Amino acid sequence: MPRLLIVEDDDRIRLSLRLALEDEGYVVRDVATAEAGLAEHRSDPADLVLVDLMLPGMDGFDCIRAIRRLGDVPIVVVSARDDTHDVVAALEAGADDYVVKPVAVKELSARLRALRRRASGTGEGSPSAQVFGEIELRPDAGEVLLAGEPVHLTRTEFRLLCELADQSGRVLSRQQLLNRVWGYDVYGDERLVDVHVGRLRRKVERDPANPVHVLTVRGLGYKLAP
Amino acid sequence: MRAAPWRSVGLRARITSVFALGAFAVSAALAGSTYELTRQSLIDERERSSVRAAYFDAALIRQGLGGQDPDLANLLRSLDTGEARRPLVRRDGQWFARTADDGVTDAVPGALRRMVEEGTPAVQRVDLNAEPALVVGVPLPDGSTFYEITELRELRRTLTVLATVLALVALVTTISGASVGWWVSRHVLRPLADVARAAGSIASGDLSARVDRDRDPDLDTLAVAFNQMVDEVSARSEADRRFAADVSHELRSPLQTLSAATSVLDRRREQLDDRSAAAVDLLSAEVARFESLVTDLLELAKADRPADRRPTDVVALTRAVATSRRLPPEVVDSDRETAVLHVDPRRYEQLLVNLLDNAANHGGGAVRIGLAVTGDVLRLEVDDEGPGVPPEERELVFDRFARGRAASARGGSEGTGLGLALISQHVQAHRGTVEVLDRPGGGARFAVTLPGCPA
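For the protein sequence lines, the chains are A and B, in the order given.
Here the first sequence is numbered in numbering that gives the first Met the number 0, starting from 0 and rising by one per residue.
Here the second sequence is numbered in numbering that gives the first Met the number 0, starting from 0 and rising by one per residue.
No lab work stands behind these hints, which were simulated from the structure alone.
There's no promise every hint is true.
Partial selection, computed: residues in chain A whose CB lies under 10 angstroms from chain B [stated by the list, open to error]: (1) D82; (2) T83; (3) K100; (4) V185.
The structure presented is a predicted model; accordingly, all values stated were derived computationally and were not measured.
Don't be surprised by glycine CBs; every beta carbon is placed ideally from N, CA and C.
Could you put together the complete structure from these sequences and hints?
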């Protein structure tokens, strides 16, 4: 059973989410502060983390950054704030997804399931390794090499790269990527894709400002070029 | 009340034309009077010299007539008249001239001739071969009469040149007047243009736009007052935004608890007795409605922000929404498979979802989602087979918390009453239109037109 850590300062929300997500089959631990959440995650890493942004003491953004430094566990922000500024800042800090309160438990559960999905189980018959210029992608080993050196990607960044690689140079729209990587079936927030592509570029491009592999196709979406 | 046509002309054009008209009036008056005075004095001068010359010539003829059997033609020829003057003598009812030019004798008017024959010298202006000329008549002592016709062709030419020059001067003055008007109006109207530009930026959401101060103290008051107004508006709008954010947080948090707790209860519905199960059903239905009410309200509060347009495949998005609403794929009636337009995808999704909700709540569900793209304009139609919307309610349904009479008659409590208001806001953010029509064959048709936008 996946183990879930909830960092939320509102006692009632924390308790109700815990009850509802336990019903969905998660083993839930909950803490009220970012500091407690970090300590908890350090001593016994969770499989998924839910973080509120407005927390007493250390705020949600710092909490996300600190957890991200510890590993690539999927992090979902559950916040009452829906300003573009907050969404982008949280994603830049390292969050994998962002949902706005109130979120239905079924919806939240679907988001968490999508993030837990195995990386690139999609490519039936896809080669065990694919090469795009300096980038070598090994989906079965869950590895990415840049000029022979291993690059550390989060689970979501890795899935994003795999989805682009599976298209062998064709363009994927942001909505298609939201559907394939994040499991959105209707309209999802395109900022999610843009920020993650930016993060991916910083890891696999020599000059992230002038990418040569992870390319933006204006008006259409993204593609991976050799 | 219709505006007078003059009012529809721009202020700048009006100032320019007033300047041009003023310059024209002044220069035309000056040119006209100059011409008239010059002409009068030239003609008077000419008349005096002609009369002097005629008297001098008449005196010579009189001396000649004193001799025996004078040869009048020779006498006339001996006069030093130049080309412009033509002397004539009438004696015993017969004309004598230097040459046989009959036209010249016809040019002497009968009235003048009679006056001169009665012994009174006279002057008259006449036309000679379509050129102006002057006839001077002088009676001679022996009863014969002397006439001299002076052609004024030179004078006419001089006057034509003068008129042309004066007309040109008037024209140049008028054009200069118009240019001065154009320049002055630009100078005067520049602060207004600046204010208009700033107001435009503010209207499209850029509250940081301000007007530059003007060096001219008269114009500077406008800039200062405008900037003060914008400061206040943006402060108020910032306060509103903060309030909305606070309210949003305060409403969203308890709703999150309600939503999660209700889902825990819902999961155990089977284990509850009938009364508790009914209560849980009510609870979860109302929590869901409360949730969408708050979401819609918060959305409405920020819906006047500009649309976040990006290239969007509206056909794909429409099909995705229809599928998520469990509508059969054939409901989407589009003439093309893909259409990338510059719209705000989040707003488009919401307005389509709200139209579908509206059709589901009041019209028994959508039976057709029509998509047609002409150029970069999208027309979206959502049809249902419900009772339709009576014409007198077609404007009102887009008001907040307005629900159709048909809906209340059915005791409908679905929906938040904000869905159509939100649609109207999303459409306005795209500068589009939304209207309710009759669906051919019965029911309502909600038609949305969204003008696209160049990249």
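Status of the hints after comparison with the structure:
Among the interface hints, the one on D82 (chain A) holds; its C-beta lies about 7 angstroms from the nearest C-beta in chain B, closer than the 10 angstroms criterion. With 10 angstroms as the threshold, the beta carbon of T83 (chain A) comes within range of chain B, its nearest partner Cβ sitting at about 9 angstroms, so the hint holds. Restraint check, K100 (chain A) versus chain B: the minimum CB separation of about 4 angstroms is within 10 angstroms; hint holds. Hint status for V185 (chain A): holds, given a least beta-carbon distance of 5 angstroms to chain B, under 10 angstroms.
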